Structures are given as C-alpha cells and as structure tokens.
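*Asks:* In order, the protein sequences belong to chains F, A and G. First residue of the first sequence? That's 120 in the working numbering, and the numbers climb one at a time after it. First residue of the second sequence? That's 598 in the working numbering, and the numbers climb one at a time after it. First residue of the third sequence? That's 2 in the working numbering, and the numbers climb one at a time after it.
Note that these hints are calculated values from the structure, not bench results. In this text, all values refer to a predicted model and were calculated from it rather than measured experimentally. Backbone N, C-alpha and C define an ideal beta-carbon position, used for all residues, glycine too. A portion of the hints provided could be inaccurate.
[What the hints assert, rightly or not] Computed list of lysine to aspartate or glutamate pairs in EDC-like fashion (alpha-carbon distance at most 16 Å, straight line):
1. G:Lys238 to G:Asp209
2. F:Lys336 to G:Glu137
3. A:Lys661 to A:Glu673
4. G:Lys168 to G:Glu137
5. F:Lys336 to A:Glu726
6. A:Lys652 to A:Asp690
7. G:Lys108 to G:Glu130
8. F:Lys336 to G:Glu90
9. G:Lys156 to G:Glu141
[What the hints assert, rightly or not] Going by beta-carbon spacing under 10 Å, a handful of chain G positions derived as facing chain F:
10. Ile77
11. Phe92
12. Leu95
13. Ala107
14. Arg109
15. Glu126
16. Ile127
[To be verified] If you anchor each label on the Cβ, the simulated ranges turn out as follows:
17. F:Val412 to A:Asp669: 35 to 43 Å
18. A:Leu706 to F:Lys298: 53 to 61 Å
19. F:Ile481 to A:Pro702: 42 to 50 Å
20. F:Ala136 to G:Ala182: 53 to 61 Å
21. A:Arg809 to G:Asp73: 35 to 43 Å
22. F:Thr340 to G:Asn40: 54 to 62 Å
23. F:Thr340 to G:Ala182: 24 to 32 Å
24. F:Val412 to G:Asn40: 54 to 62 Å
25. G:Thr88 to F:Phe469: 31 to 39 Å
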Amino acid sequence: MKNLFKSNMSIMLVFSAIVLTAPIWLTPLGANYPDLLQKFAIFGLFAVGYNILFGLTGYLSFGHAAFLGVGSYTAVWSLKLLSMNVFLGIILGTIMSGIFALAIGYLSLRRSGIYFSILTLAFAQMAYSLAYSVLTPITNGETGLQIAANDPRYLDSLVGISQQGQGIPSTNFFGVLLKSWDGYFGFYFAAVILILGFYLSLRVFRSPFGLKLRAIKSNQTRMTYTGFNTRPYLLSAFVISGMYAGLAGSLMVAIDPLAGAERMQWTASGEVVLMTILGGVGTLIGPMLGAVVIKYFENIFSALNNSELHQVFNFLPSFLEETMVFIVSPFVGSGWHLTLGALFMLVVIFLPGGMMEGVTKINSFLKRKFGKTDAEESDVSIQQEVQAKAQQGGE
Amino acid sequence: MDAILIQILNGLDKGAAYALIALGLTLAFGTLGIVNFAHGALFMLGAFCAVTFSKVISFSKQIKDESVTIFDAYKEIPYLEIWWGDFGALIVDFAVPLSIIVAIPVMILVGIIMERGLIKHFYKRTHAEQILVTFGLAIVIQEIIKHFFGANPIPTPAPDIVSGSAAVGALVGLSENLVYPWWRLIYIVFSGLIIFAVFAFLQFTTFGMVVRAGMADRETVGLLGINIQKRFTIVFAIAATVAGLAGVMYSPILPPDYHMGMDFLVLSFVVVVVGGMGSLGGAVAAGFLLGVLQSFASMNEVKSILPGIDQIIIYLVAVVILLVRPRGLMGREGVFED
Amino acid sequence: MTNILEIKGVNKTFGGLHALRDVNLEIYEGETHAIIGPNGAGKSTLLNCCIGKLIPDDGSVTFNGNNMIGVDAHDINHAGMVRVFQTPEIFPELSLLENVLIPALAKRDGTFKFNPFGDIFNEKEIREEAMATLAEFGLEGFSEDHAGSMSRGNKRRLELAMGLIQKPKLLLLDEPTAGMARLDTNNTIDLLKTGKMREMTKVIIEHDMHVVFSLADRISVLARGHIIATGSPEEIKNDPKVKEAYLGEGDHE
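Next comes chain F alone, as it looks inside the complex (with noise of 0.2 Å):
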C-alpha cells in the first residue's frame, strides 16, 4: 500500500475523485440526497482528527464531542450577532474549540492511560451537565441555540445586508446560499473542507511530527529518554483533533443553524469512537471509511419499521417471514443503537484493526492464494522435468 501510494498527490486526487463523485456513484446505494452526504462528509472529518489524537498517540479520550459542541454554539452565535455568511462562523467555531481542547488537554494529559480516559470523560460531562444547566443564557438549555429573524448580525448590518423583517433567513458562504443547488451546494462545501482536512490528516502522517507520535504511542518512557518532551507533542495533537471536532461542529450549523446540549454528551464521544475504530485505529482512511458505514447504516436502520421488514421477508413462507421479522426487528427502526453496540463488540473482539485490518487480510490471503498457486505450477514443471528425465532414462 505504502509504495502503491507514496506520492500524496495521487492520494488527494483519488480521495478528492471519490468524494466529489459520492452524489453519483452512492445514488445505486440510495445514498445520494444531500442530507445524508453531507453528515458522511461531516463525521468523516469529525473521525479522521479524532484518529489524529487516538490513532497516533493511542490516547483515549471520551471527551471529543464536547468540542462538538463548543464549535457549534460558537458558530450559532457567530450567526447570531456577526453575520450569516458561514465563512466566519466556521473560523471562529474551530478557533474556540481549539482554545477549549487547549484547556481541558492541558489538565487531562497530566495523567495517561485509563485515567487520561477518565479526565476527558469528566470535563465532558461537566461541559454537558452545565449547557443544560447554567450555562442556559448562552446555549437555550434544553431547547437548543437556534437563530432569529430579529437577531442583530452587526457584521452584516455593517455592509448594509439588512434581512430583517423576512423572516428567518439562511446561511450563506459569500452570497450563495447553503441550500442552494438543491442542497447540494451545501454537500459540496463540506466536501472540499473534508477534503483540506483530510489533506492536512495526510501531511501530519507522513511529517516527522507524526513519527514522532506513533513512536509515543508504541514506547512513551523511551521517548523521554530520546530526548523528547513528550507533552507538548501530546498536546498539539489534542488541540489539532479538537479543532477538528470544532470544524465538523461548526459545519452541522452552518448546514442546519441549531446547536442542542446533546452533541456534548458522552455517548456522542462513544460514538466518533467507533467511527475510528470500525474503519482502522491508526490509519488514513479507516475513520472516513467507519464513519461513512456508520451514517449510511444508521439511515437505513432507524429508518425501516416493521411492515418494511415484511415487505423485505416476504419472498419466505409465511412462519419463516415472522421468525425472521421477529429476530430482526429489535435491531431496526429505535433499536438502532441495537445493531451499533453489537457491530462495536463484533469489531473489537474480531477485527481491533478494523475494516481496513479486515482489507489487508484479504489482501494477504489473496496474495497467498496465488502465491499457492503458482508453487503448485513450479511442482507441476518439476514433475514434468522429473517424467521427462526418466523417460528419457528408460528410453
């Protein structure tokens, strides 16, 4: 893989190729409407700087969504007093998260291992518990951050864009709207941001940064003893996954203008988790690849409902058809969840390199396969030698 593709460049056009064609070649899939893009594109970005911090490193944290959310109350407010123009809303959401990620990595990465989990999982759970709560002025509690029609946007006040009195007006990236192409231009502004983020994913790689983290990662005392200080390393990795979260949680606004409490609870931590996970801990396009999987089955599974699956059994005889409804309805519609802690335990019991562990193994077998076969053509050539010889020798 490694030499096949060595040159980023060839890298960044396949993915950019794949990314910008998802529209087309996911509409056999059903796949193709720009909501669902998009949330592949945004979690994608979401998991591949999670994989940054967890993938290089191996830390843990359960804690990530918080700067989920800190990016999107940021962007929402941005919205609110500067301007609709998403353009800032997304800069200042990162930046945010970035200085949260700055804070809590700080305190957090004092301690390693499991208490390193622990700590982020804390201060998540404090940042959740206090959005619901006190914080209710600044993130409209249970109710969510939403926009306004009278909100004062001074930004655009400023240059003279006056939308008030029209009703709730849309997010715009200088003048187009978001919505515009039918909502695709809203999956394709996602996109090229996935597809920067992802280049930049690809560079910390293959920097001598990125050496340096997976070395962290294999033998964190012998780092010390090389000559590292390991913690500022730790740190810039936690900051850099962090402003990512904020990036992908600015993006959900500028999308769809509301920021709620829940993005910050830890189970939404657990879930980008898996994401990285399921594709490949620790490589490139693992998290893409997981998170995409995720969204696309967590769409069709919460969606189906039970007359579906009957409409989907119905080729069996009719016992079969109940049977078959009955086992596999708990897993669809809300039972979705169901289906996720089970593909969670499946994974890391089964595959911990996940889906891309899964490729290489088929890889390696096929290579196997082959390489088997062309031994057995070998015997059969020396078998014919050997024959011929003692033909000859008889003759």
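For this one, chain F is given, so just place chains A and G on it according to the hints.
*Replies:* This is chains A and G only, laid out in the frame that chain F set:
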C-alpha cells in the same frame, strides 16, 4: 444542625449505591485487571429483575368490582391474592425485597456468562480495548432492555409498610420535623450489610485471601499454580451480584429505566478513581463521600453562591483529585499506571 | 584529563534500604569505564540517578560542568548523556529505520518541534544518516521490518544504533550483553571496540568479567551501595578488598 443531618442522610443513600457499584468495579479491576464499562448495565439489570419479578407476581385478573353499583366497574386483582388471600397480597406488596431471591441466581448467571463468554478473552488486551468492548456490551444490554420494557421509567414501589418516613430526628433527640423515608434507611443498612459481607468474605476465607493476594500481585498468584481462571469467574460473578442487588433495592428510590446504568456508571468510575484504583476501602469511602458531597452541593444555599455546582460537583472533585493525588484517596502505587 | 561526569557524595535510600552511600565517581573524557558489583549493589540505582529517572537524596551529579540533579530526562539526553537499556527499549510497532530516525530527529529537532508539514520521506539527509548507522550494525537489510519482530540480539544492536546516532558525549550502557550467548557477547564486544563506538566515552554496567576486562580502561567496584575501589583492570584484579567483596562471592564467570 437538622439541615446538615438531613443532607448527610440524603447523600448517604445515593452514596450507598455509588459505593456498591464502585465496589464491584474495583473488585473486577483489582483481581481481573478489567476495566468494565458494562458494570452500570449490571446495576440496571438488577433493577429490572425487581421490575420483572413484581410484574410476574402481580399478574392479575379483571374482576367485577361489587362495591360500585351504579355501573359495571372492574378492578385488577392479582392471581396470588385470589389464590392465597391476604398472604398473596402481602407477597405482591413485598415484591421488591422478595425479588432479591430471584436476582441473586440471575446475576450470578449473568456474571458467569459475561466472564466466560467475553471478559475472559480480554485479559491480555489493552485497557482501551477492554473499555471499548464493554462499552459495546453495555449498549447492547440497555437496548435489549429498552426493547422489552420501553423507554419510560417504571415505578416499582416499596412495600406499603415502609413507604412512610422514619422520624429520625426524634430518635436522636433532635427536631420532630426531621424525617427520612424508611426505604432509604433500609437501603443504607442493606448496603452496609453487603459491603460488610464482601469484606468479611475477602478477609476470612481462603478464597478471599487468594483474591486479595491477586489484587496485590496478580502475576505471582498466577505462578503459584492456583486455578486463577475459576476464581476470576467467581470474583466477576460476585461483582455482578453486588451491582445487581444494589440495583434491585434502588428500584423503589429511582424508577428504573434503560439508561440508569450508564448514568450511574460514569459516576461510579469517577468514584473508583477518586477512591484509588484497586482499593476496595477507597471505593466504598469515596462512594459515600461523593454522595454526601453531591447532596450538600444541591442545597439552595450552596447553589445560590455557586450556580450549577450540584451538576458538576462529582466531576470537579474527580478532576481535582486526579490532578493533585493521581492515585486517589487510598490508591496504591503502580496500579493502572502503564 | 578532563572529567566529563562527576558524581559526588550521592546518597539514595528507599524506605529503610540504603541503596547508595556517599558514592563518588569521576568519568574521564574518552575512557571506557566499567562499573561492576554483585547483584543489588546499587549499579542500576546509580545509573538512574544520572539520567534523571531517580533523584538522589543528596550529593551532586555534574555532567560537562552542569548540574544534572532535578533536570528532566529529555534535557539530560540533550546535554549529551544517553542511555542504552538493559532490556531492549525500542519502538516495537515502528520499522527499524523509523526506530533510528526517532533519536536522529531528537538530535535535530530538540525536545519539541512542531513540524506537521514536513515530509518524513523527503528528509534525505537524516534518512541517509539513519541507514548508514543501521549498516554499521549490520541491520540495513531489515530497515523496513517491524522492530518488534526482531531477534533479541538484533534488538540489542538496534538499541546501540539508536544510542550511537545521537553522537552522545557519554553513553551509558546497562548490561549490554545480559542474557546473550557467548558468540553474541563477543560480537557485541567487537562492536563496542570498533569504529565510532571506540572513541566514545562509555560507562558500562556489567556482570560478565570477560566483557569488562575486554573493554574497560578503568573499573569501579560497587558493593552494598558504596564504591570500594576504582582503578585499572590490573589494579582491580589484584585489589584484596575487591576479591573479598566481589570475586570472593563467586559471582564471576
């Protein structure tokens, strides 16, 4: 004085639940080296044992209510009451405490299946992987419960006779107004008994000695040729049972719902860390301590000074303890510090 | 001769155990100095006090004229004192080349450098240096293999390569031949005697007398936390105190 006493009491019942869950978590940490994120789900399963048991024994039949004469009215009478009269009604009333009898074998079985079927294979994996697989299991368990019992909390009342409040104040010579629900008192006492039983078991039996030795130095005990596998299974079953019983008895205090396990799990983990990983005494002490702290933090006087403190006090304490005293209150050196 | 490392009056206790008592030691620039002593004499404790893993109760450790007590381990490394570990401490998940690149990067980048946009595949200079160092230890053929899959002997070589590439002013070797077969031991001795390794100032902690007497310019004998003798191999061999404390216990091979 009254206010302080009542806050302490209020904190103790929650603290007792934390202590029981944290006790099992620590047992599993210390002996098996497993970080079990599904432990909260065991607590929840215990509570649903009580729910199921009381549902089953109060299976009822519609009978015409003779006392209403104006129109035809029906009332639900449990079969047990129809068959056994007052004694049956008594059993139905005592469903929660009686369900302990069912919960013990169920939780032991769940514990054994979980350890044999899953946990066993993760002793040699990293803590991160242990966390992840048990997190997945916790989701699976709670979603199954949700599928069968729905998403709403299910009220599971305590027996009538203890549904009132005890005049605790009068008992200790303070104000008559100082009252405290009987069931919560029972819960505190019950937790005390369980904690005592677990400690006595570890202190006075050969088995317990081996377990304690295992907590101190797992590798050596393994080298002694003691069948550690079987003991691991038993320890895990005990931990599961303790969590389950904590759940059974908690069901009248908090109507069980499918995600109560997760809520308690995060807090209990914090409790374990505060107490010190691998320290049983620390887990129990920290459980009660944090319960009481939480109760004080939710006093209006405190909230008016520090708004929102009741929501985050436990996490705040955990963060401070972890940063200042990374081994927790009573943790030993070298536990989980890889 | 100039002293590169000076240890003066160092004491270290663990609970009731007096691991080091009033240890005084001077390492000359350019020499190979062996520290020998029976098990539990405090050799590793002394080493750990030098590299910042342990902080002595009192006394001073001066390296190149700078105090080393209380200095972070990574700063001690950059001061030029590098340790090679007894059990190979490598990066098992990384390739051999990457294992050697890491200490080379430490030398170049310092304790912390944020360079997420560089490309590790384009670092020609440092890669060539790493390959050359691997070649010096006969490991160039495995440069893309995972370090964790190497044999114990090769892990040892890798360790030495990782130490050497940092061009340390002083290399601390903790039992470089422990657990090795005789052939490997001899190979290691040759390795330490030849090329760049020869001129380097080294402190070797060793059990194996064969190794010690083949390599050391001077020897210090540590017994019960105290240095009882320092001198040339000949002097040590004939020192009655040493015979009594160390050789008399039959710890030699």
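*Asks:* All the hints need checking, so say for each whether the structure fits it.
*Replies:* Here is how each hint holds up against the structure:
no. : hint                             : result
1   : G:Lys238 to G:Asp209             : holds (14 Å)
2   : F:Lys336 to G:Glu137             : violated (28 Å)
3   : A:Lys661 to A:Glu673             : holds (9 Å)
4   : G:Lys168 to G:Glu137             : holds (14 Å)
5   : F:Lys336 to A:Glu726             : holds (15 Å)
6   : A:Lys652 to A:Asp690             : holds (11 Å)
7   : G:Lys108 to G:Glu130             : holds (12 Å)
8   : F:Lys336 to G:Glu90              : holds (13 Å)
9   : G:Lys156 to G:Glu141             : holds (13 Å)
10  : Ile77                            : holds (8 Å)
11  : Phe92                            : holds (4 Å)
12  : Leu95                            : holds (6 Å)
13  : Ala107                           : holds (4 Å)
14  : Arg109                           : holds (9 Å)
15  : Glu126                           : violated (12 Å)
16  : Ile127                           : holds (8 Å)
17  : F:Val412 to A:Asp669: 35 to 43 Å : violated (58 Å)
18  : A:Leu706 to F:Lys298: 53 to 61 Å : holds (55 Å)
19  : F:Ile481 to A:Pro702: 42 to 50 Å : holds (45 Å)
20  : F:Ala136 to G:Ala182: 53 to 61 Å : holds (56 Å)
21  : A:Arg809 to G:Asp73: 35 to 43 Å  : holds (38 Å)
22  : F:Thr340 to G:Asn40: 54 to 62 Å  : violated (24 Å)
23  : F:Thr340 to G:Ala182: 24 to 32 Å : holds (28 Å)
24  : F:Val412 to G:Asn40: 54 to 62 Å  : holds (56 Å)
25  : G:Thr88 to F:Phe469: 31 to 39 Å  : holds (32 Å)
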